[in-house]
Each structure stands twice: as C-alpha cells, then as structure tokens.
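What follows is the residue order along each chain.
Protein chains: 2
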Amino acid sequence: MEAKLNQLKTLLGEVADLGQIIALLDWDQQTYMPQGAAETRGQQLSTLSALAHEKGISPEIGKLLEELAPWAESLDRDSEEYRLITVTAKDYAKETLVPTDYVAEYSQVSTMAHQAWAEARAKSDFSLFRPHLERMLDLKKRYVSFFPPAAHPYDTLLDDFEPGMKTDDVKEIFNTLRPQQVELIQAIAARPQVDDAFMHLAYDEQKQWDFGVNVVTAFGYDWNRGRQDKSAHPFTTNFGIDDVRITTRFEKDSGASALFSTMHEAGHGMYEQGVGHIWARTPLAGGASLAVHESQSRMWENLVGRSLPFWEHFYPKLQAAFPAQLGNVGLEQYYKGINKVERSLVRVESDEATYNLHIMLRLELEIAMIEGALQVKDLPEAWNAKMRDYLGLTPPNDAKGVLQDIHWSGGMIGYFSTYALGNLISAQLWEKFRSINPDLDDQMRKGDFSALLSWLRVKIHQHGRKYEPQELVQRVTGSKIDPAPYVRYLKTKYGQIYGL
Amino acid sequence: MEAKLNQLKTLLGEVADLGQIIALLDWDQQTYMPQGAAETRGQQLSTLSALAHEKGISPEIGKLLEELAPWAESLDRDSEEYRLITVTAKDYAKETLVPTDYVAEYSQVSTMAHQAWAEARAKSDFSLFRPHLERMLDLKKRYVSFFPPAAHPYDTLLDDFEPGMKTDDVKEIFNTLRPQQVELIQAIAARPQVDDAFMHLAYDEQKQWDFGVNVVTAFGYDWNRGRQDKSAHPFTTNFGIDDVRITTRFEKDSGASALFSTMHEAGHGMYEQGVGHIWARTPLAGGASLAVHESQSRMWENLVGRSLPFWEHFYPKLQAAFPAQLGNVGLEQYYKGINKVERSLVRVESDEATYNLHIMLRLELEIAMIEGALQVKDLPEAWNAKMRDYLGLTPPNDAKGVLQDIHWSGGMIGYFSTYALGNLISAQLWEKFRSINPDLDDQMRKGDFSALLSWLRVKIHQHGRKYEPQELVQRVTGSKIDPAPYVRYLKTKYGQIYGL
Chain A
473 MEAKLNQLKT
483 LLGEVADLGQ
493 IIALLDWDQQ
503 TYMPQGAAET
513 RGQQLSTLSA
523 LAHEKGISPE
533 IGKLLEELAP
543 WAESLDRDSE
553 EYRLITVTAK
563 DYAKETLVPT
573 DYVAEYSQVS
583 TMAHQAWAEA
593 RAKSDFSLFR
603 PHLERMLDLK
613 KRYVSFFPPA
623 AHPYDTLLDD
633 FEPGMKTDDV
643 KEIFNTLRPQ
653 QVELIQAIAA
663 RPQVDDAFMH
673 LAYDEQKQWD
683 FGVNVVTAFG
693 YDWNRGRQDK
703 SAHPFTTNFG
713 IDDVRITTRF
723 EKDSGASALF
733 STMHEAGHGM
743 YEQGVGHIWA
753 RTPLAGGASL
763 AVHESQSRMW
773 ENLVGRSLPF
783 WEHFYPKLQA
793 AFPAQLGNVG
803 LEQYYKGINK
813 VERSLVRVES
823 DEATYNLHIM
833 LRLELEIAMI
843 EGALQVKDLP
853 EAWNAKMRDY
863 LGLTPPNDAK
873 GVLQDIHWSG
883 GMIGYFSTYA
893 LGNLISAQLW
903 EKFRSINPDL
913 DDQMRKGDFS
923 ALLSWLRVKI
933 HQHGRKYEPQ
943 ELVQRVTGSK
953 IDPAPYVRYL
963 KTKYGQIYGL
Chain B
473 MEAKLNQLKT
483 LLGEVADLGQ
493 IIALLDWDQQ
503 TYMPQGAAET
513 RGQQLSTLSA
523 LAHEKGISPE
533 IGKLLEELAP
543 WAESLDRDSE
553 EYRLITVTAK
563 DYAKETLVPT
573 DYVAEYSQVS
583 TMAHQAWAEA
593 RAKSDFSLFR
603 PHLERMLDLK
613 KRYVSFFPPA
623 AHPYDTLLDD
633 FEPGMKTDDV
643 KEIFNTLRPQ
653 QVELIQAIAA
663 RPQVDDAFMH
673 LAYDEQKQWD
683 FGVNVVTAFG
693 YDWNRGRQDK
703 SAHPFTTNFG
713 IDDVRITTRF
723 EKDSGASALF
733 STMHEAGHGM
743 YEQGVGHIWA
753 RTPLAGGASL
763 AVHESQSRMW
773 ENLVGRSLPF
783 WEHFYPKLQA
793 AFPAQLGNVG
803 LEQYYKGINK
813 VERSLVRVES
823 DEATYNLHIM
833 LRLELEIAMI
843 EGALQVKDLP
853 EAWNAKMRDY
863 LGLTPPNDAK
873 GVLQDIHWSG
883 GMIGYFSTYA
893 LGNLISAQLW
903 EKFRSINPDL
913 DDQMRKGDFS
923 ALLSWLRVKI
933 HQHGRKYEPQ
943 ELVQRVTGSK
953 IDPAPYVRYL
963 KTKYGQIYGL
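As they're listed, the protein sequences go chains A and B.
In case it helps, the working numbering puts the first sequence at residues 473 to 972.
In case it helps, the working numbering puts the second sequence at residues 473 to 972.
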C-alpha cells in the first residue's frame with residue numbers, strides 16, 4: 473500500500489504543479505501582462521487547463537484511490553494518510569461526476585453571462601442580464617442533479633466552497649445573528665456620527681505602499697516566500713507553499729483602502745505560507761475553506777488592523793508619513809474614523825457592523841431561487857425589499873442593487889455566505905486566543921504579533937485542508953461556527969466608539 | 473490532406489502553448505519570483521517540460537508528418553504549407569533521434585557542470601571544472617553520433633543554433649575576417665586613445681530607464697505587446713508573437729550599459745513582435761537562427777545606437793537628462809567615447825572592433841576539441857596562446873581567461889560563432905538597406921526609424937523560421953553571409969573616429 477500511496481502522490485504532484493502554473497498565468501495576466509496578449513493568454517490557459525483537468529480525472533488516480541480506500545479505513549482518522557486519501561477521493565468523485573459536456577457548456581454560458589452582466593450593470597438594466605442568469609440558474613440546478621440527493625439542494629452548491637457545511641446550519645446561524653446586527657445598527661444610527669473627512673484626502677502612493685509593507689512585515693508575512701504587486705482588484709494567489717503572492721491597489725483620495733486591503737490579503741497570504749510542507753503538491757495544500765480563509769484575512773484586517781492597541785503602536789508612524797493629512801488628527805479620532813458605521817447600498821464598501829447583512833440578503837435570495845420559490849424576473853424587487861428590511865435603504869437603480877456583484881454571472885452561487893461565516897470564525901478564534909493569551913493588547917501595542925501568528929500557524933494554518941471547517945473550528949475553539957463571539961465583539965467595540 | 477494539416481496544426485499549437493508557458497515560468501523566475509520559491513519552481517518546470525517533450529515527440533505528430541511529406545513535395549517551395557511541414561519534420565527528427573536517457577543524463581551533467589564552473593571561476597581554478605567539461609565533451613560527441621554522419625562532426629552541433637550552416641563555411645568566413653580585424657585593431661592601437669571618463673560616473677537609474685524607454689519607443693518596440701523589467705542578466709523572451717518581453721539591468725557608475733542593453737534587447741524583441749501571425753503557435757514562430765536574431769539586436773544597438781546621426785537627434789535629450797555628467801561633454805566627444813576601441817580580456821566587455829576576435833578564438837578551440845586535436849587539460853594554455861595572437865594580451869588567471877563564459881558548462885558548444893555571424897549579417901542588411909534608402913542618416917537625425925523597421929519587418933521578421941539563415945540572407949542581400957560589409961563598416965567608422 474505504501475507503494476500505491478507513493479504512486480498516488482506522484483500523480484497528484486503533477487496535477488498540483490499544473491494547477492500552480494495556471495495560477496501563475498492568471499497572476500501575470502492581472503499584474504504585468506501587456507494588453508495585446510489577452511488572446512494568446514486565453515489560448516495558453518485553455519490548453520493547460522484541459523491538460524490539468526485530464527490529468528486530474530485520470531482513471532489511474534481513480535483506481536489507486538479505490539484500492540487505497542479500504543486500507544485508509546484501517547488508519548487513524550487523524551493520520552496524514554487517512555486524510556490525504558479521503559479528501560482526495562471526495563474531490564475526485566466531485567470532478568468525475570460532472571460530465572465533460574456540462575463543463576464546456578458551463579464555461580460558455582458563464583463567459584456570455586459575464587459580458588451581459590458587465591453591460592447590464594453599466595446600463596443599470598437588469599433585463600439584459602436576466603436571460604443569462606436564468607440559464608445559469610438552470611445549469612446550477614442541473615449541477616446539483618449530478619450528485620446524490622442532499623437534505624437541501626443548496627447543500628451541494630455550498631459544499632464546493634464550505635466542505636461539509638449544510639444549508640440549515642447556515643440559516644440557523646444567520647437567523648440568530650440577523651436581529652442582533654439590525655438592532656446594533658439602529659442603535660448606532662441614533663447616535664452622533666464620527667468624522668472621517670481626513671481619510672478622503674490625497675495620500676502619496678509610495679508612502680502608502682511602504683507603510684503597508686512595514687505593517688505586514690510586522691505581522692509576519694514572509695517576503696522570502698512572497699511578494700506584493702499592483703492589480704485592478706486586490707487578490708492573493710499561490711504557486712506552492714513557498715510562493716504566495718499578494719496584490720494591492722490604490723484609490724484616489726483614500727488613505728485607508730490600500731492599507732487595509734494589504735492587511736487583508738496578507739492575512740490570506742500568511743495562511744497559505746503556513747500550510748505544512750507535508751501537504752506540498754497534494755490537494756490538501758491550501759485553506760480549509762473559503763470561510764476559514766476569510767477568517768484569517770478579516771482577523772488581520774479588522775480585529776488587529778482596526779483595533780486601538782494596533783494603532784497605539786502604528787499611528788505615530790502613520791502621522792509621521794502623512795503629516796499634512798494627519799498631523800492634526802488625534803489617535804482617538806483616527807480610530808473612530810476608520811471604524812465609522814454607515815448603512816450603505818454596496819457590499820464592498822460596507823463596514824464591520826453592516827457587512828453581514830449584505831451577505832444574508834444574498835444567501836436568502838440564492839436559496840429561494842434554487843428552491844424555485846423566487847423567479848429570476850422577480851429578483852430586483854426581492855432584492856430591494858430585503859434592502860429596506862435589513863438596512864432601511866432603497867437602491868436608486870439596479871446597478872447599485874441587484875447588479876452590483878460579479879459572482880452570479882460566473883455561477884458562483886453558494887459562495888457569499890462564506891464571507892459572513894469568515895467574520896464569525898475570526899471572532900471565535902480571537903476570543904479563544906485572548907482567553908489563553910490575555911496580553912494580546914499589550915503585545916499589539918508593542919507591534920509584536922508573533923504569539924498570535926504562532927498560535928494560528930499551529931492551530932489553523934499547518935493543517936491545510938486536513939479538516940473540514942466545522943471540524944477545525946470545533947477542534948480549536950471547542951464549538952462549531954457560532955455567531956455569539958462576533959456579536960460580543962461588535963457590541964463592545966461599537967458600544968465604546970458610539971457610546972451606546 | 474487539409475484535414476491532416478489542420479490536425480497537425482492543432483497538435484503543434486498545444487506544444488507551442490506549453491513551450492510559451494515554460495518561457496513564462498522562466499521569465500518570472502528571473503524577474504519577480506521570491507527566492508524561497510526556487511525549489512518549487514524547479515518542480516513545476518520539470519513537470520511541464522516533461523509534458524511538453526512528451527507531447528512534442530508524440531507518435532501522432534510523427535505519423536501526420538510522414539503522411540503529409542509526399543504531399544508537401546508537390547507544393548510550391550515557397551508556400552506556407554511546404555515550409556511548415558518540412559521545418560517541423562526536421563525538428564521532429566532531431567528530437568526523436570536523441571534517446572530519452574541521454575536527455576536525462578545531459579540534464580544531470582550540465583547541472584553539475586554549471587555548479588562546478590561557477591565555483592571554478594570564483595576560485596579561478598580550471599582543475600575544478602576540467603572533469604565536468606570532459607564529461608560534457610563526451611556527451612556532445614555522443615550527441616553527434618545519434619545523427620547521420622556530416623562532413624564535419626561539428627556541423628551537427630552548429631546546426632542546432634544555425635540551421636543549415638556548415639563548419640567549413642564558418643571557417644572560411646572567419647579566415648577572411650580575422651587578419652583584417654587584427655590589422656584594424658593594431659592601427660587603432662597606434663593612435664591616441666579617446667576619452668570616455670564621463671561614462672564612468674553615477675547616473676540616476678530611473679532617468680536611464682526613462683531615456684531607454686523613449687529610445688526603443690522611437691525604434692518601434694510595441695509596448696502593447698511587450699514590456700520591460702529588471703533582471704540580473706538582460707534577456708528577451710516571448711510567450712507568443714503578441715507577448716514579447718525584454719529586461720535590462722543597471723550597473724554602478726555606468727551611463728551606457730543599461731541603455732545599450734535596452735536597445736540590444738529591443739532589437740531581439742522587435743524581431744519576435746514582427747513574426748507573421750500565420751506562424752503563431754507553430755514551430756516557425758521565432759527567429760530564423762541565433763545569428764539572424766543577433767543581427768537584429770546588434771543593428772539597433774550598434775549600427776543605429778552607436779551612430780553619429782542617431783546621437784545628433786538624441787544627445788541633446790540625454791544631456792538634458794544628465795546635465796551634471798554630460799553638460800560639458802560635446803556630441804563629438806560623446807560619440808567617440810561610446811565607440812572607444814580597447815583590447816580587453818573579456819568578451820562581454822569588448823567593443824565592435826575586437827568582439828569578433830573573442831568569438832573566433834572560441835570557435836577554433838571548440839572545433840579542435842570536437843575533432844580530438846585538443847584535450848580539455850590543454851585548454852587553458854591554448855586559450856592564452858590565442859589570446860596573445862589575436863589581441864596581444866595574456867590573461868592573468870583562468871577566471872579572466874578560459875573560465876569567463878558560462879556556455880560550455882551548459883553544453884552550448886556550437887553557439888559562439890552565431891554572435892560574430894550576427895555582426896556580419898547586420899552590416900550586410902545595413903548596406904543593402906542604405907543602397908535602396910539613401911536618406912537613412914537624415915531619417916535618424918529626425919529620430920525616425922520607421923522606414924528601417926518596415927523594411928526589416930517585410931524582409932526578415934515576418935518570415936519567422938520559414939527560411940534557413942543562409943537562404944534568408946541570400947534572398948534579402950543577394951549573397952550569402954559575407955564578411956566584407958562588416959569590414960567596410962568598421963574601417964569607415966573607426967577610420968573617422970581614430971583618424972586612420
């Protein structure tokens with residue numbers, strides 16, 4: 473069996489290499505590729521993706537997995553071998569259950585849907601997107617039909633992003649969370665607003681870049697195995713555990729967006745850099761799920777990066793870099809400014825207190841569409857109704873409403889809830905770590921994040937995809953994903969800022 | 473047959489895509505890859521190279537080529553189809569005649585030889601490199617044995633870099649050239665030396681970068697299908713005709729090296745950008761040979777970039793960028809300074825007048841080693857003897873002598889002469905173009921290079937690898953590779969500069 477396992481690892485290693493190379497092609501396309509090369513790059517990606525897919529679903533891998541399965545059952549559930557074989561087998565089953573002609577059709581529909589969405593958003597005209605979303609929805613329903621029936625059809629979609637997560641669990645979590653977040657936001661809205669005018673000035677790009685680099689260096693992002701570049705949309709990618717790259721962007725008249733984006737991406741990046749080398753070139757190299765990934769990025773961006781102790785250390789340095797903009801802004805004022813809560817129409821511009829409501833709205837609409845309770849034609853109205861319910865706002869048009877996000881055009885249905893779950897997990901981990909390391913605030917005041925990172929490395933990062941998200945959170949915090957710590961965190965933080 | 477040809481093109485397209493992706497992995501490694509990723513990258517390259525090789529020698533391609541061969545013979549010799557099939561068939565035969573275990577052994581030996589060479593050069597101790605070069609030489613002899621016997625065993629090696637070129641032809645060319653170059657250099661040495669002290673000052677890197685970009689933009693390098701980055705050693709690479717990238721480097725206290733290197737690489741780059749799109753994703757996309765490639769880079773670097781008319785246009789701009797360094801240096805003095813002739817020990821530091829002698833020396837030693845007339849143990853002594861003969865210099869040690877170049881450690885035997893042949897071709901093309909476009913100097917004085925580039929596009933670039941180098945040069949200039957124009961060029965230029 474050892475020999476068969478090694479054979480399997482060799483094959484998986486080749487598939488992993490090809491996947492990493494595809495990621496490099498994509499990174500290059502988003503950072504440095506000259507514009508005229510777009511068609512050429514498409515061709516290269518198409519050739520290599522087909523090869524990688526072919527290698528990934530090769531019958532040779534299927535046969536080895538089948539032969540290894542009974543042996544795996546005899547192993548310790550916590551062993552590397554058991555997890556490698558079972559996680560890989562689950563991936564393999566998923567990849568092979570979907571017919572090749574479906575994959576081709578999906579790719580075609582999503583390309584066209586993406587173009588239609590871009591046009592529809594530009595013209596703020598949902599009718600242009602509607603037939604494409606209808607086709608995409610049909611495709612997603614067909615996708616569900618390839619798999620054994622689940623308790624809820626949405627489970628199958630969710631599982632692609634949050635392995636093992638169930639629709640009912642997410643619903644329950646969100647049902648607990650929603651009224652508490654709505655109540656908090658209403659309380660905040662009744663209080664005097666904080667002033668963040670100083671954020672909306674011109675800030676020198678190079679100085680912003682340097683400051684961001686210093687911050688994530690202090691966090692522990694490893695530049696020997698990483699780098700930062702500029703791109704239109706910030707992202708983190710990796711071509712192996714030892715080559716994890718982040719990107720950032722600068723927005724006009726914003727002193728915060730690049731910095732917090734850098735912290736966010738570094739959070740993702742440190743997770744990937746921390747995956748144990750035993751998982752290198754296997755399907756288990758990478759984060760446990762999108763939500764667990766987001767728990768890392770959000771922790772460094774928000775729980776660390778928008779905290780008062782963090783800025784007690786870094787604010788004098790920031791003031792020194794930007795004396796014209798911040799020379800007359802005190803620490804307290806700055807801290808309040810970067811934590812301003814404001815009900816807004818657009819998810820990506822929303823703050824820690826309102827963000828999850830944007831997610832819940834999308835999740836509920838997705839589930840209703842998959843269940844057939846909601847028709848695509850009625851989607852804009854349903855969107856606007858929920859927007860009024862949760863945030864008290866009515867979108868002036870569909871561009872600022874139902875058309876704002878790219879995800880549905882690419883068929884990413886089942887994805888959104890991971891953003892909110894990530895917030896919840898980040899607070900659970902934070903609470904747990906503080907309970908065993910009560911000096912965290914003092915450490916942050918000294919710019920020392922080593923205890924936090926070490927703990928995350930051991931508890932989360934090193935495991936890669938070994939554990940499913942609920943199992944992992946349970947192991948580390950003693951309970952499954954739970955909204956209570958996040959609510960406590962929000963109430964304490966905003967209670968202090970807004971004097972609730 | 474049309475169907476078979478299309479089938480062949482599809483297969484060749486996939487092989488081409490993989491080759492381009494390998495080039496991207498290499499570009500990234502030399503420009504942006506974090507250091508810690510070296511091992512990972514090696515693994516990715518190894519997996520992809522094996523796949524590309526496997527695809528490239530697939531029996532399917534061999535069978536199609538065999539079936540298409542008789543049909544190709546019935547076609548016009550100048551047709552796209554005839555050339556595609558015959559050039560591809562020659563490549564395929566070469567790739568398949570070499571056994572796979574030889575390729576593996578070669579890769580292993582060259583990796584070790586490279587390390588040994590680097591150490592030997594650092595310690596200036598040839599004995600450390602000697603056993604590795606002996607093994608490499610044996611491997612090259614074995615390589616020759618895989619092919620049908622040629623007039624000279626060195627022919628087989630040469631053919632990998634200069635398709636169709638024969639050892640005897642190169643010898644004859646060099647035998648004509650050598651005495652004339654030696655004589656010229658002796659005449660120059662008897663004259664007062666020019667002053668180029670102003671070149672060896674500190675020049676701001678960003679200003680050098682900007683100036684170089686302006687120059688190659690004026691040349692016609694297409695930034696929509698290209699870009700420039702920094703690397704330890706300047707190079708040009710491409711991932712298709714529409715994605716051709718150059719790199720440069722800055723040396724301390726040099727106002728010239730980055731600029732001339734940028735012009736040189738842009739010359740290579742414009743060649744690749746000018747290849748006709750009919751050759752995209754086929755083995756014929758790319759330069760006709762290394763020498764023809766070098767004729768383009770040398771032309772833009774030397775015949776254009778070190779000419780007086782060129783600087784009549786650009787020198788005021790250069791002075792404006794570097795007033796402290798060049799404010800008191802007149803155009804004439806600058807022009808002479810960048811064309812200073814000086815006998816030196818090191819090939820890469822040598823000027824237009826002495827460069828070819830460095831090449832001839834290497835060619836003669838390579839041929840002697842392949843013939844068995846020269847033993848590796850006697851190589852340093854043979855090197856130094858020729859150095860005295862041709863340049864009147866004796867290397868103080870092997871690091872500045874026989875160990876100076878990397879090529880032999882990688883088994884690149886048969887490569888060096890292409891550098892000198894490139895110089896010769898550049899002057900042949902230059903003379904030809906001036907004969908039909910006598911206004912070239914005036915055009916350059918206006919910073920207008922469009923007529924020159926258009927002519928090169930039509931006569932050279934668009935053809936890709938359609939013609940072998942001798943055939944191509946003959947078609948364009950009316951004669952095969954000929955040293956006379958280069959000698960005329962050198963005599964005119966240096967006669968004027970040194971008052972001969």
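Think of the hints as simulated: they come from the structure by calculation, not from any bench.
Among the hints, a few may not be true.
To be verified - Below are the PhoX-like pairs computed for lysine-lysine, each with C-alpha atoms no more than 20 angstroms apart in a straight line:
id, chain 1, residue 1, chain 2, residue 2
1, B, 702, A, 527
2, A, 702, B, 702
3, B, 904, B, 931
4, B, 918, B, 963
5, A, 595, A, 566
6, A, 904, A, 872
What the hints assert, rightly or not - Here are some chain B residues pointing at chain A (derived, C-beta under 10 angstroms):
id, residue
7, 525
8, 714
9, 808
10, 891
What the hints assert, rightly or not - Each pair of labels, with its calculated beta carbon distance range:
id, chain 1, residue 1, chain 2, residue 2, range
11, A, 552, B, 510, 57 to 65 angstroms
12, A, 920, B, 632, 24 to 32 angstroms
13, B, 577, A, 579, 40 to 48 angstroms
The structure displayed is predicted, hence computed values, not measured ones.
C-beta atoms are modelled at their ideal positions from N, C-alpha and C, and glycine is treated no differently.
Structure-based check of all given hints:
1. 702(B) to 527(A): With a Cα-Cα distance of about 36 angstroms, the restraint between residue 702(B) and residue 527(A) is violated, given a limit of 20 angstroms.
2. 702(A) to 702(B): 17 angstroms, holds
3. 904(B) to 931(B): The given pair, whose Cα atoms are some 11 angstroms apart, holds under the 20 angstroms limit.
4. 918(B) to 963(B): With a Cα-Cα distance of about 26 angstroms, the restraint between residue 918(B) and residue 963(B) is violated, given a limit of 20 angstroms.
5. 595(A) to 566(A): The given pair, whose Cα atoms are some 38 angstroms apart, is violated under the 20 angstroms limit.
6. 904(A) to 872(A): 38 angstroms, violated
7. 525: Not OK, violated: residue 525(B) not within 10 angstroms of chain A, min 14 angstroms.
8. 714: Hint on residue 714(B): holds, closest Cβ of chain A at ~5 angstroms, below 10 angstroms.
9. 808: Check failed: Cβ of residue 808(B) comes no nearer than 38 angstroms to chain A, outside 10 angstroms.
10. 891: 29 angstroms, violated
11. 552(A) to 510(B): 57 to 65 angstroms: 25 angstroms, violated
12. 920(A) to 632(B): 24 to 32 angstroms: 58 angstroms, violated
13. 577(B) to 579(A): 40 to 48 angstroms: 42 angstroms, holds
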